[in-house]
Amino acid sequence: MPELPEVETICRGLDRLLVGRVIAAVQVDWAKSFALDAEQLQSQVIGSQVQSLDRRAKVLIINLANPSLTTRYSLLFHLKMTGQLVLVKAGGERFAGGHPTESMAAGLPDRSTRVTFTFDNGDRLFFNDQRKFGWIQLVETDQVENHQLIARLGPEPLSPDFTAEHLASRVKRHPKAPIKAVILDQSTVAGVGNIYADESLHLARIHPARPGGSLKPFEIKRLHGAIRDIMTLGITYGGTSFTNYVNALGKKGDYLSRARVFRRQGQPCTALLSRGQVCGAIIEKMRVAGRGTHYCPRCQPWPKATKSKL
DNA sequence: CACTTGACCTGTCCGC
DNA sequence: TGCGGACAGGTCAAGT
Numbered sequence: 005m006p007e008l009p010e011v012e013t014i015c016r017g018l019d020r021l022l023v024g025r026v027i028a029a030v031q032v033d034w035a036k037s038f039a040l041d042a043e044q045l046q047s048q049v050i051g052s053q054v055q056s057l058d059r060r061a062k063v064l065i066i067n068l069a070n071p072s073l074t075t076r077y078s079l080l081f082h083l084k085m086t087g088q089l090v091l092v093k094a095g096g097e098r099f100a101g102g103h104p105t106e107s108m109a110a111g112l113p114d115r116s117t118r119v120t121f122t123f124d125n126g127d128r129l130f131f132n133d134q135r136k137f138g139w140i141q142l143v144e145t146d147q148v149e150n151h152q153l154i155a156r157l158g159p160e161p162l163s164p165d166f167t168a169e170h171l172a173s174r175v176k177r178h179p180k181a182p183i184k185a186v187i188l189d190q191s192t193v194a195g196v197g198n199i200y201a202d203e204s205l206h207l208a209r210i211h212p213a214r215p216g217g218s219l220k221p222f223e224i225k226r227l228h229g230a231i232r233d234i235m236t237l238g239i240t241y242g243g244t245s246f247t248n249y250v251n252a253l254g255k256k257g258d259y260l261s262r263a264r265v266f267r268r269q270g271q272p273c274t275a276l277l278s279r280g281q282v283c284g285a286i287i288e289k290m291r292v293a294g295r296g297t298h299y300c301p302r303c304q305p306w307p308k309a310t311k312s313k314l
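Using this note's numbering, read the first sequence as starting at 5 and increasing by one per residue.
There may be inaccurate statements among the hints.
Derived lysine-lysine pairs resembling BS3-like cross-links, with alpha carbons at most 30 Å apart [unchecked claim]:
1. Lys220 with Lys289
2. Lys289 with Lys84
3. Lys36 with Lys176
4. Lys136 with Lys93
5. Lys308 with Lys225
6. Lys180 with Lys136
7. Lys36 with Lys93
8. Lys220 with Lys176
9. Lys289 with Lys176
10. Lys180 with Lys93
11. Lys225 with Lys36
12. Lys220 with Lys180
13. Lys308 with Lys289
14. Lys36 with Lys180
15. Lys176 with Lys84
16. Lys180 with Lys225
17. Lys136 with Lys176
18. Lys220 with Lys136
19. Lys180 with Lys84
20. Lys136 with Lys308
21. Lys225 with Lys136
22. Lys36 with Lys84
Derived from the structure by calculation, the hints contain no laboratory data.
Bear in mind the structure is a predicted one, so any value in this text is a computation, not a measurement.
Sequences are here, hints too, so could you generate the full structure?
Encoded structure:
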């Protein structure tokens, strides 16, 4: 499930491989993944050269230019939960990004391949997506900021615009919503998904189901710092798992293998307490805001004063 | 208006 | 073994 750190890693990895390449052919095997008629495909995509790659929240942006067009277009990619982007070089060398499944290691394309881009040098970019939730859209480059999803995004978590004051103002707007729902809301902060929400709340020692309005100012501040720290860590570790070529894979773990709580229900919390003690309490799982939610009942206790509201 | 749930999909896992 | 159902999670639309 690619979130911001994974998409950032994919973006950095693909940049040097794609910039300068010209799109020679596009094959769409699942129309909903890339809803563009053949005429537009031919006139606005084929023959375009990749100028640069970008990322906004969880959206990967490939900026194009076509010498026969005055308008510049961009391809937007959203991988949702199971999307992958796999670049197979003409020589067979592979770069993969996205949710790692066995399809990466096997021959490509496979049955989850929805769209295939072929470049002028023979390299191929496969958009694989088991569950078909992901999409590709063609947008005019100077309209990207007005795109229905992009336009509603809040600040990037690692940008100066994401401040504790901003987070506090968002919480104030939905004081009864569980704090986890507030930070999953992409208009609060762009790019935080289920994994990093759980991880951030654990680092901040805040119970995910607490109404945002019950958080003290120092807790908001701590959560703000935790989100930034966790996203930074995610980019660091996301790099170890996704920047490798697939056939060179098999080393290092991704962020998930270092997770504090995510998918660790039933296992002991590894948080360090004072004097080098390890917490050791058993991680629990519950549903918050309709999502599987993992937390440590000891590190993230329900505050006594508001316990009755549970 | 504030907040929650369902739809979109497929594959996997669990209990019967 | 097979079958039904829950679950996985990002985002938007629809519901309470």
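Checked hints:
no., hint, in the structure
1, Lys220 with Lys289, "holds, 24 Å"
2, Lys289 with Lys84, "holds, 23 Å"
3, Lys36 with Lys176, "violated, 38 Å"
4, Lys136 with Lys93, "holds, 25 Å"
5, Lys308 with Lys225, "holds, 21 Å"
6, Lys180 with Lys136, "violated, 34 Å"
7, Lys36 with Lys93, "holds, 26 Å"
8, Lys220 with Lys176, "holds, 12 Å"
9, Lys289 with Lys176, "holds, 27 Å"
10, Lys180 with Lys93, "violated, 51 Å"
11, Lys225 with Lys36, "violated, 42 Å"
12, Lys220 with Lys180, "holds, 14 Å"
13, Lys308 with Lys289, "holds, 20 Å"
14, Lys36 with Lys180, "violated, 37 Å"
15, Lys176 with Lys84, "holds, 29 Å"
16, Lys180 with Lys225, "holds, 19 Å"
17, Lys136 with Lys176, "violated, 36 Å"
18, Lys220 with Lys136, "violated, 41 Å"
19, Lys180 with Lys84, "holds, 28 Å"
20, Lys136 with Lys308, "violated, 44 Å"
21, Lys225 with Lys136, "violated, 38 Å"
22, Lys36 with Lys84, "holds, 14 Å"
This entry does not satisfy hints 3, 6, 10, 11, 14, 17, 18, 20 and 21, going by the numbered hints stated previously.
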